[in-house]
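Visitor: All chains should be modelled from the sequences, with the hints used to inform the complete structure.
Be aware that the sequence shown starts at 1, since it is given in this note's numbering, and climbs by one per residue.
Simulated from the structure, these hints should not be mistaken for lab results.
Check the hints yourself; a few may be wrong.
To be verified - Under the rule of at most 20 Å between Cα atoms (straight-line distance), these lysine to aspartate or glutamate pairs were calculated in the EDC-like manner:
| id | residue 1 | residue 2 |
| --- | --- | --- |
| 1 | K12 | D176 |
| 2 | K12 | D87 |
| 3 | K12 | D117 |
| 4 | K12 | E83 |
| 5 | K12 | E139 |
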Amino acid sequence: MTATTTLLVIAKEPRPGRVKTRLTPPFTPAEAAALAEAALADTLAAVAATPARRRVLVLDGVPGPWLPPGFNVVPQCAGGLDERLADAFARCAGPALLIGMDTPQVTPDLLGADFHDCDAYFGPAEDGGFWALGLARPEPALLRGVPMSTPVTGAVQRERLVTAGLRVRDLPPLRDVDTAADARAVAALAPQGRFAARLAACAPAADRRRASR
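Guide: Written out as structure tokens, the structure is:
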């Protein structure tokens, strides 16, 4: 990542019942929100450790104590996810890389985008979506109309970039945290992180509830 690039994180405020609903069950809404908060905190820590011109949290909700210093916070616009992602890029005047809050295993090395010999970065997610999108020249139209949260979201988005004539550099695929199985797999990849610690604290209670049924 060069210091001329803006790093964007799009996220929801981690409140029970509003985030990570596919984790319930086995986790309670409060536990799912705690896991979401830990994932967001790990993500923001990785972004904070990456050289950038600006660091922007594009937030649905209000900031909490999990927000580190050095971030500008802007609200998400109304509309579908494609519109909200497009609006995030529309706020940027130069190169920008956007990620979500679902990959707490992300590291500064993975965010080290350098646009000197490419026009776009694309990070596929294992579920068919994408965890990162970088544009040397942000163009909101590249995102509007892309079907979100489907098994072909990533393929459609990448094809948009290629069809526009952009030179695309692919990042390694990462696994999003959507289900309990995802949470265990991701925690194993980053065992020293806040997310892994929170999962270790929540899991015994979830296991007891499951065993009592």
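Visitor: Indicate, hint by hint, whether the structure satisfies it.
Guide: Now the hints, each set against the structure:
Only pairs whose Cα atoms come within 20 Å are accepted, and K12 paired with D176 is accepted, the gap being roughly 15 Å. At most 20 Å may separate the alpha-carbon atoms for a hinted pair to count; K12 and D87 meet this at roughly 15 Å. With a CA separation close to 33 Å, the supplied pair K12 and D117 exceeds the 20 Å bound. A C-alpha spacing of about 15 Å is found between K12 and E83, which places the hinted pair at or below 20 Å, so the restraint holds.
The straight-line distance between the Cα atoms of K12 and E139 is roughly 23 Å, outside the 20 Å bound, and the hint therefore fails.
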